[in-house]
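Protein chains in written order, with my numbering: chain A, 3 to 408; chain B, 3 to 408; chain C, 3 to 408; chain D, 3 to 408.
In case anyone wonders, no lab produced these hints; they're calculated from the structure.
What you are looking at is a predicted structure, and each value in this text was computed from that prediction instead of being measured.
You may find that some hints are simply not true.
Below, in silico cross-link-like pairs of lysine-lysine (DSS-like), each with a Cα-Cα straight-line distance of 25 Å or less [what the hints assert, rightly or not]: (1) 76(B) / 125(D); (2) 125(A) / 120(C); (3) 117(D) / 19(C); (4) 398(D) / 45(D); (5) 196(A) / 248(A); (6) 227(B) / 338(D); (7) 101(C) / 49(C); (8) 245(B) / 215(B); (9) 214(B) / 361(A); (10) 338(D) / 180(D); (11) 103(B) / 101(C); (12) 241(A) / 76(A); (13) 398(D) / 125(D); (14) 237(D) / 101(A); (15) 361(A) / 19(B).
Protein chains: 4
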Amino acid sequence: MRNIIVKELKDVPIEEKPIEIVERKGLGHPDSLADGIAEAVSKALCKMYMEKFGTILHHNTDQVEVVGGHAYPKFGGGEMVNPIYILLSGRATMQILDKEKNEIIKLPVGTVAVKAAKEYLRKVLRNIDVDKDVIIDCRIGQGSVDLVDVFERQKNKIPLANDTSFGVGYAPLSITEKLVLETERLLNSEETKKEIPALGEDIKVMGLRNGKKISLTIAAAIIDKYVRDIDEYKKVIEKIREKVEKLAEEIAKGYEVEIFINTADDYDRGVVYLTVTGTSAEMGDDGSVGRGNRVNGLITPFRPMSMEAASGKNPVNHVGKIYNILANLIANDISKLEGVKECYVRILSQIGKPINEPKALDIELILEEGYKIEDIEKKAKEIANKWLDNILEVQKMIIEGKVNTF
Amino acid sequence: MRNIIVKELKDVPIEEKPIEIVERKGLGHPDSLADGIAEAVSKALCKMYMEKFGTILHHNTDQVEVVGGHAYPKFGGGEMVNPIYILLSGRATMQILDKEKNEIIKLPVGTVAVKAAKEYLRKVLRNIDVDKDVIIDCRIGQGSVDLVDVFERQKNKIPLANDTSFGVGYAPLSITEKLVLETERLLNSEETKKEIPALGEDIKVMGLRNGKKISLTIAAAIIDKYVRDIDEYKKVIEKIREKVEKLAEEIAKGYEVEIFINTADDYDRGVVYLTVTGTSAEMGDDGSVGRGNRVNGLITPFRPMSMEAASGKNPVNHVGKIYNILANLIANDISKLEGVKECYVRILSQIGKPINEPKALDIELILEEGYKIEDIEKKAKEIANKWLDNILEVQKMIIEGKVNTF
Amino acid sequence: MRNIIVKELKDVPIEEKPIEIVERKGLGHPDSLADGIAEAVSKALCKMYMEKFGTILHHNTDQVEVVGGHAYPKFGGGEMVNPIYILLSGRATMQILDKEKNEIIKLPVGTVAVKAAKEYLRKVLRNIDVDKDVIIDCRIGQGSVDLVDVFERQKNKIPLANDTSFGVGYAPLSITEKLVLETERLLNSEETKKEIPALGEDIKVMGLRNGKKISLTIAAAIIDKYVRDIDEYKKVIEKIREKVEKLAEEIAKGYEVEIFINTADDYDRGVVYLTVTGTSAEMGDDGSVGRGNRVNGLITPFRPMSMEAASGKNPVNHVGKIYNILANLIANDISKLEGVKECYVRILSQIGKPINEPKALDIELILEEGYKIEDIEKKAKEIANKWLDNILEVQKMIIEGKVNTF
Amino acid sequence: MRNIIVKELKDVPIEEKPIEIVERKGLGHPDSLADGIAEAVSKALCKMYMEKFGTILHHNTDQVEVVGGHAYPKFGGGEMVNPIYILLSGRATMQILDKEKNEIIKLPVGTVAVKAAKEYLRKVLRNIDVDKDVIIDCRIGQGSVDLVDVFERQKNKIPLANDTSFGVGYAPLSITEKLVLETERLLNSEETKKEIPALGEDIKVMGLRNGKKISLTIAAAIIDKYVRDIDEYKKVIEKIREKVEKLAEEIAKGYEVEIFINTADDYDRGVVYLTVTGTSAEMGDDGSVGRGNRVNGLITPFRPMSMEAASGKNPVNHVGKIYNILANLIANDISKLEGVKECYVRILSQIGKPINEPKALDIELILEEGYKIEDIEKKAKEIANKWLDNILEVQKMIIEGKVNTF
């Protein structure tokens, strides 16, 4: 019997609160680049371990430091003069002991990690020349031996929690949250890039809701070689505005939405947000894992948040990663039940116990008028139990990239 | 006229909520080491800039990556075999243009930063040999030139906000929060170290309150050379327990407090939390800035939190740092007003405007029974205005280390 | 009037000396990789400076450290597990002061250097995957400002010597020297690679002449994926032997030549010289600039040698590079004069003087029987003077890669 | 029976040759710093291995890259602004397999190496602040496993040669060679430093002999904090000149000796060779192992030289190190025999054979008039055999620092 508790939360629903602040750092933001590389490295290691051993060995590559380079963007196309330096670190099983042959066998952690990082950058930043604009260094080290051992013993079993930790999640997203999230996704979609090739990937969206009014502040890196002069630049900004306005009309019906794009621009002084590569990391902006979006893709100061950096952590037994993702998955399913307005989930682990047996799984619900907690409790528990029963499925979803970590 | 809003918050006070989770990563935790080094470097740069120019030049050294080493602790004293690698990065004004002499002058950013990092480590980790156990590398780069310029123009004026950002703060701390915070402070105090020299500085405290019961889980690195065998180890753990029990009696009157220390220990298998240096960074645990404690010293998933990494940011115009500290200072003063039970403060900046003119400063109050918001509004605004009037004082407090950033 | 001295050298000609030791580290040897990268970076910087300023600015990129990786070669194709780490360092003009605009302008030294290094590796090592098998890091720093200034003033003039230094050269090569040099060139030629794709680029040739007998010891990295088993390996070795035997017959007529290939192989124990990438740098062999071949492509312990590392030095005023190349060019031309058996040239610079006015240029000649030094002196001086008159031509030959530096 | 050959060399003795060029890079020169650190690291590893295993395990730490820093020396005391970066690399046995416990044990290679490097710098550079002026990084990697195995089997036996290589040596030093060597030693002696504290350790001495005239060119870094102004600077230079003049009178009787100190100085323009730390590495001068002095402490382009970098190589089986030292020791002893004017020794190894059984040991002698090679041959062979019989003694001398490697 798992310790699952369902309670009613007597709180004002999010949409009725006077103020909301929501932020999303887009894919090309230095912190997101760090997150994305960390997760790409973890996935590549998972694949390598699976191919070699049929199981995932211990690793946590949730340490990536992006040190900004130096660039001279200019209309028509500038140049990078100093590459971005990216340090991969963290832990991984780099060697194992073949006890029969009495031999140490080294695993291709370094080469796999470096390659994964480069491939990720090429995929995300359309206009970077990975051969000259980036230095990828690697100081990933061997994890402690005990942990390797733990993994070997666990093969085909439910893994044991690596730590005393917790995860939090909630659903559904508020209007403002949806708008912020979808704005970045739209602007970074394949389709938009075809339409507006000058639009870089470093797109930061901040939403401030004050009653029924939402201010959407967007900082979007523009790629210099696609823009001949300030007039073309203005046109690019206008195209972006049009796309976002249309999206806002769909998502934020009934709200007044103000859109601000690249507010630090000063056309008279010739100050605009131009880049060579589409990311501010080209010009001194640094980034690291876990300082940006939470696993639901957002930074939400007035919602429950975990400080855990999910990206790059191993998807096998790192509860800091798994429980944050799981909490969101469970909250999402429960929020769709009739009568549920908002759902908050938190999961506590206990170190050394199977990860499908958390110490506590708390579910708090804000209900629609006329509904009672007793009506919903059973269904909510069923959802939670189903996810815990299939926890290895969550692991698989992570490895296959079906859930995001930032 | 500043845009300061005071509102009543109709919410259940924290102590009456069913559950609380609170965490503090102690001074020797790898994430806190990263925070502490980042802030030490910033302070040292401030001092250097002041001495050379009478003003603080632009810098943000909030990027420190701690890559774990490799150690073999053992009773009586083991050894480190692979040093901890620490990368300092971020931005700083590394050169200026002497326009009269038509000459570029380089500033001692690298040497000052490296020295500050080593001094900080020596101060915080009593048992580390900085000469062999740590490699301090430095890739701090030049900030963009425009920002240098901005700083020069600002000399002796109120600085302009560097970004659109926000800070959050609240007061008072709950019982659980106080207990978690004070437990780490007690265990890392000069006095306790004299009494229990075997107690390392990597002390992680997690508090879980369930109704009137608090579980305090402490992971404390024990230093091997002070402990001859497992019996002595047990005695050290007992001494720690006694000290914490006493503290809990003082702070958490009326609560049942359970204390768990080094729960992963397994005396039968000889598994104990021994270290050579007092930090888990010696054995593969990595750390980076901004992934640990918020500016109030705690991680509080169910309280408003900012994701901003305050440590290492410049105290002049980085609102991500200043407003988080300021929000806590204001909340703290207001919470002492008669009739105020809890106070939540958030401050929004507007890029390019003086930092004492925020776009909005929201104050939300949970009141004692019988009090009305109208009675308190004026006093609360006075407090907020006083702090904004004296915002350069906050800068000074940061530089002098009178407020913490993690 | 230049200080050119021509003297007769009363010494036994090289072919009549009892013993000779000659070595060549092939293109894929770690030391040669370092040399080659250093020179490729210098050439790329020359090109960049020329394009931007019409002149070559100060740089010396003669510091490259190749830190070996870790590989598991095996018949049919193994894998690299830890990348080779290559640190580019040295000095270059990274920024200049635009005195009119009162602005510092940064130059693309980092990006150009990193790209040049990768392109060089791709060209030289046919079987390396630069994206995963190599980490290229860069710590090239700004040179001292004075030197930049010197360069600016020198535009279109004969550059001034950067140091008190010297160069040495001789001609012709002995039979053994020719054999060693041509063996490596043959084995690393396009043609041979087509014929024997399994032959890697890390080919070290050592020639020992004892009277009329030459032992040629060749260590040649074999690429695993082209070789299925030990029998195929043996066939590859035999093919190499045949090619070298044929070459030896052409070059070393009248000498007995013994050829030893991969002498550390032990077929019974399965020990063979297999690699994944064609260089021993893949498996822990390190390299750095200036530790391998001299500018004539050889290491010749019993001939005059300079310790100067020519590769990577600037071709404008670094006499350590220019004079070593120049001495060989002059010796070569003089050695073709009738009556000259051997020619030794040394050139001394004086710091601060134009490089076409060396402090001394000594020419020592071993003459054919029946010839007198007086007959040859004038012609020899003419040759030396002609080269000094056209010293900017040497600079051009270096930049265009028409002379080798290692 | 060893293959030792003694032959007469019919050549002009060195003192009668018209020209000599001799150079010594002093202890504080960047290349010498690299050599010295490499050797200090090797010695420290030898000590560590001996303490732990009673034998020296495999290592070659002959890869050190010194990347110059940035300094602003000035009369009375300037400052370093960017630290010197020093990368330790090479190979060492970093872990061994405890076959009984079936466990990998890591050895303190990183911590020992970093500490040894710092201690060496503190000893050699009296005025450097290792805590802030230098970054010591370490990328020493594990050697290939086979080699570890070779070492284990060799315990207490004569080691087997690691490679096909050779060493060369000669004796006695010429007058010019002695003068160059002793000049640097005098200027870097404890005694001189007490007398002239302003004299730094980066002292490069170049000797050019033309017939009976020797030009001695000295570049000596002067330490700024001990020199108030240009007049004091001139006095320091004069003191140095006096000391060297006195030495030259003792060593170079019968020669005219001209002494040039810091020839690039230009007192009128205020250009002098000032440093903060006593080494030019503080200001952009880079260095690496094996590019400076040979094992006899000198660079002698017209004497036989090996390109081998001796510093940092293991003293057990690396013939590139041992044979160069051995050849000089043997040459030195033989040169003292009656009738011997000059002695040249070269030793060839054969890979895999005991190092006291070289493939060939050639001795060439220039004899005093009236002596015959037959009279000396036996004694010379005895000397060579005695050294080969006691080859483990050479290893001991290296480890104890009784012979120099640069």
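Okay, the hints, checked on the actual structure:
| no. | hint | result |
| --- | --- | --- |
| 1 | 76(B) / 125(D) | violated, 32 Å |
| 2 | 125(A) / 120(C) | holds, 20 Å |
| 3 | 117(D) / 19(C) | violated, 49 Å |
| 4 | 398(D) / 45(D) | holds, 10 Å |
| 5 | 196(A) / 248(A) | holds, 18 Å |
| 6 | 227(B) / 338(D) | violated, 56 Å |
| 7 | 101(C) / 49(C) | holds, 24 Å |
| 8 | 245(B) / 215(B) | holds, 19 Å |
| 9 | 214(B) / 361(A) | holds, 18 Å |
| 10 | 338(D) / 180(D) | holds, 16 Å |
| 11 | 103(B) / 101(C) | holds, 11 Å |
| 12 | 241(A) / 76(A) | holds, 20 Å |
| 13 | 398(D) / 125(D) | holds, 22 Å |
| 14 | 237(D) / 101(A) | violated, 71 Å |
| 15 | 361(A) / 19(B) | holds, 19 Å |
Hints 1, 3, 6, 14 from the earlier list are contradicted by this structure; the remaining hints agree with it.
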